[in-house]
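Trainee: Work out the full structure, taking the sequences as your base and the hints as a guide.
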Amino acid sequence: MADPPSQPTQQAARIAQQDEADLVARAVAGDRPAFGVLVERYAGVARRVARAVLGNPEDADDAAQDAMLSALVKLEQYDARRPFGPWLLRIVANAATDRRRRRSVRRVEPLDVGLTAGGPRPDTATERRALNERLRQALAELPERRRMAVVLFDVEGYSHGEIATVLGIPEGTVRSEVFHARRRLRVLLADWKEEG
Amino acid sequence: MKDPLPFDHRPDLVLGRALREALDPGDAQAFTARVMALAGQVRLPSWDAVLARWARTGVAAALVVALAAGYFVGRTTAASPAAARPTVSDVLIAPPAHPGEVEVVLASVIGNN
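First to last, the sequence lines map onto chains R and B.
Note that numbering that gives the first Met the number 0 has the first sequence beginning at 0, numbered continuously upward.
Note that numbering that gives the first Met the number 0 has the second sequence beginning at 0, numbered continuously upward.
These aren't lab readings, by the way, just hints derived from the structure by calculation.
All C-beta atoms, glycine included, are put in the ideal place defined by N, C-alpha and C.
Hints may contain errors.
What the hints assert, rightly or not - Using C-beta positions, here's what the derived DEER-type ranges look like:
#, chain 1, residue 1, chain 2, residue 2, range
1, B, Ala29, R, Glu170, 33 to 41 Å
2, B, Ala59, R, Glu132, 55 to 63 Å
3, R, Arg102, B, Ala36, 19 to 27 Å
4, R, Arg182, B, Gly57, 55 to 63 Å
What the hints assert, rightly or not - A few chain B residues facing chain R, derived, Cβ under 8 Å:
#, residue
5, Val13
6, Leu14
7, Leu18
8, Arg19
9, Ala21
10, Leu22
11, Pro24
12, Phe30
13, Thr31
14, Val34
15, Met35
16, Leu37
Mentor: Following this line, the structure appears as structure tokens:
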């Protein structure tokens with residue numbers, strides 16, 4: 000009988016965690032390339048989470064960058080017994096939320112009814128872009144916490160427990176947020192498929 | 000697409016892929032380079048700097064405590080009954096409480112002679 004699939008995954012997670020703890024220790028000691036490895040590893044997820052909160056890609060990159068630098072300064076506070084990702088993403092989530100609060104004039108543009116309500120399907124050339132735009136706008140309609148929860152769960156593959164750490168909310172609330180976000184977004188995707 | 004089960008614990012791969020593409024941030028190398036350029040300017044708090052900061056705070060706190068203690072001790076001393084105790088000169092200058100006692104002593108001294 001084959002090993003349960005969770006065992007290699009858990010082992011890999013442990014190795015990754017140990018590896019990251021080493022990288023953090025080296026970064027704290029002033030080893031910038033070690034910090035660079037962490038930045039490379041988490042740049043994608045940090046930018047996606049920030050974009051889910053802020054909408055605007057430039058703002059999202061600024062927030063992700065601020066978070067990375069803030070994490071560098073706070074690295075000594077990181078508890079190496081815990082996974083690094085949720086610790087970093089909590090800083091990213093806070094940075095994005097702060098930036099969103101500070102942002103005064105620039106707001107998410109009003110929803111295009113044609114896009115969100117399943118209007119005529121665009122030509123193939125712009126098909127993917129249109130779907131992406133629809134999804135981003137649908138995400139923007141969701142409460143901020145719900146957006147982060149669904150992105151962290153369905154896009155980044157974090158567990159409910161890890162997302163609870165990132166967002167500072169109970170695990171049950173994370174489940175609920177993911178469920179409600181999915182319900183909204185799946186309707187949109189289903190409409191899109193039916194049109195195709 | 001199936002209706003989702005409430006609180007499904009598995010990631011939705013289709014939705015995840017679509018969202019990942021929608022939120023794709025683009026050039027990862029440029030972002031990393033930008034962060035690392037700024038990281039070079041960040042000064043990490045070294046242990047001696049942290050200690051120095053705490054030492055400064057500690058010295059300031061000790062000064063405040065010493066001043067406060069001195070103030071309270073001084074106030075207590077000034078208000079205590081010991082401060083009202085007469086000095087030697089007060090006793091010598093002050094008129095005797097029982098004038099007769101001195102005369103008795105003198106008389107006994109003279110009588111012995």
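Trainee: Taking the earlier hints as the rules, which of them does this structure contradict?
Mentor: No hint contradicted; all consistent.
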